[in-house]
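Novice: Going by numbering that gives the first Met the number 0, the first residue of the sequence shown is number 0, and it counts up by one from there.
Since the hints were made in silico from the structure, they are not lab data. One or more of the hints may lead you astray.
Ranges of calculated distance between the beta carbons of each label pair, as one might list FRET restraints [stated by the list, open to error]:
{"no.": "1", "residue 1": "ALA37", "residue 2": "ASP66", "range": "15 to 21 Å"}
{"no.": "2", "residue 1": "LEU75", "residue 2": "ASP16", "range": "29 to 35 Å"}
{"no.": "3", "residue 1": "VAL26", "residue 2": "ILE81", "range": "40 to 46 Å"}
Computed list of lysine to any residue pairs in SDA-like fashion (alpha-carbon distance at most 20 Å, straight line) [to be verified]:
{"no.": "4", "residue 1": "LYS5", "residue 2": "GLU23"}
{"no.": "5", "residue 1": "LYS82", "residue 2": "GLU23"}
{"no.": "6", "residue 1": "LYS64", "residue 2": "ILE44"}
{"no.": "7", "residue 1": "LYS64", "residue 2": "LEU3"}
{"no.": "8", "residue 1": "LYS80", "residue 2": "LYS5"}
{"no.": "9", "residue 1": "LYS64", "residue 2": "VAL45"}
{"no.": "10", "residue 1": "LYS5", "residue 2": "GLU20"}
{"no.": "11", "residue 1": "LYS64", "residue 2": "VAL26"}
{"no.": "12", "residue 1": "LYS5", "residue 2": "ILE44"}
{"no.": "13", "residue 1": "LYS82", "residue 2": "THR46"}
{"no.": "14", "residue 1": "LYS64", "residue 2": "SER54"}
{"no.": "15", "residue 1": "LYS64", "residue 2": "LYS82"}
{"no.": "16", "residue 1": "LYS64", "residue 2": "THR46"}
{"no.": "17", "residue 1": "LYS80", "residue 2": "LYS64"}
{"no.": "18", "residue 1": "LYS64", "residue 2": "THR53"}
{"no.": "19", "residue 1": "LYS64", "residue 2": "GLY83"}
{"no.": "20", "residue 1": "LYS80", "residue 2": "ALA37"}
{"no.": "21", "residue 1": "LYS64", "residue 2": "ASP16"}
{"no.": "22", "residue 1": "LYS64", "residue 2": "ALA41"}
{"no.": "23", "residue 1": "LYS64", "residue 2": "GLU23"}
{"no.": "24", "residue 1": "LYS82", "residue 2": "ASP66"}
{"no.": "25", "residue 1": "LYS82", "residue 2": "ALA63"}
{"no.": "26", "residue 1": "LYS5", "residue 2": "LEU18"}
Note that the structure is predicted; figures quoted are calculated from it, not measured. Positions of the beta carbon are idealized from the N, C-alpha and C atoms, including for glycine.
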Amino acid sequence: MSNLDKTMIFRPDEQNDLLNEILETVVPALREQGYEPARQLAGFIVTGESNYITSSGGARAAMAKMDRLLAVEQVLQDYLKIKGF
0 MSNLDKTMIF RPDEQNDLLN EILETVVPAL REQGYEPARQ LAGFIVTGES
50 NYITSSGGAR AAMAKMDRLL AVEQVLQDYL KIKGF
């Protein structure tokens, strides 16, 4: 059986705190520079390009620590919870 035949299970609960810390640094820095955080974060998550994130306030350095897959998973979990799925 190949790895493609198995469903992978992600258990990144211990990294949720790190994700929250990162966003607490990055979102205010983006707003202070006049950027729309959701758009900039989406650009970074999709492309991995750090240029979507301001270097102001250490935001870009903080984002370098972010696990992009974890971020997508957390957003989807929250969305599904809000929608009652």
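Novice: None of the hints should be skipped; say for each whether it holds.
Specialist: Here is how each hint holds up against the structure:
1. ALA37 with ASP66: 15 to 21 Å: The hint (15 to 21 Å, Cβ to Cβ) holds, given that ALA37 and ASP66 are roughly 19 Å apart.
2. LEU75 with ASP16: 29 to 35 Å: violated (18 Å)
3. VAL26 with ILE81: 40 to 46 Å: Roughly 19 Å apart at Cβ, these two residues miss the hinted range, so it is violated.
4. LYS5 with GLU23: Not OK: LYS5 and GLU23 at ~36 Å, beyond 20 Å, violated.
5. LYS82 with GLU23: violated (24 Å)
6. LYS64 with ILE44: Between LYS64 and ILE44 the Cα gap is close to 12 Å, so the pair holds against 20 Å.
7. LYS64 with LEU3: Status violated; Cα separation ~28 Å.
8. LYS80 with LYS5: violated (26 Å)
9. LYS64 with VAL45: holds (16 Å)
10. LYS5 with GLU20: Violated. LYS5 to GLU20 sits at ~33 Å, over the 20 Å cutoff.
11. LYS64 with VAL26: holds (15 Å)
12. LYS5 with ILE44: The given pair, whose Cα atoms are some 25 Å apart, is violated under the 20 Å limit.
13. LYS82 with THR46: At roughly 27 Å apart (the allowed maximum being 20 Å), THR46 and LYS82 break the hint.
14. LYS64 with SER54: Roughly 14 Å between the alpha carbons, so the hint for LYS64 and SER54 holds.
15. LYS64 with LYS82: violated (29 Å)
16. LYS64 with THR46: The given pair, whose Cα atoms are some 15 Å apart, holds under the 20 Å limit.
17. LYS80 with LYS64: violated (26 Å)
18. LYS64 with THR53: Status holds; Cα separation ~15 Å.
19. LYS64 with GLY83: Violated. LYS64 to GLY83 sits at ~31 Å, over the 20 Å cutoff.
20. LYS80 with ALA37: holds (19 Å)
21. LYS64 with ASP16: holds (12 Å)
22. LYS64 with ALA41: holds (16 Å)
23. LYS64 with GLU23: holds (13 Å)
24. LYS82 with ASP66: This hinted pair is violated, its Cα atoms lying about 25 Å apart.
25. LYS82 with ALA63: Violated - the C-alpha atoms of ALA63 and LYS82 are around 30 Å apart, more than 20 Å.
26. LYS5 with LEU18: Violated, at about 27 Å.
This entry does not satisfy hints 2, 3, 4, 5, 7, 8, 10, 12, 13, 15, 17, 19, 24, 25, 26, going by the numbered hints stated previously.
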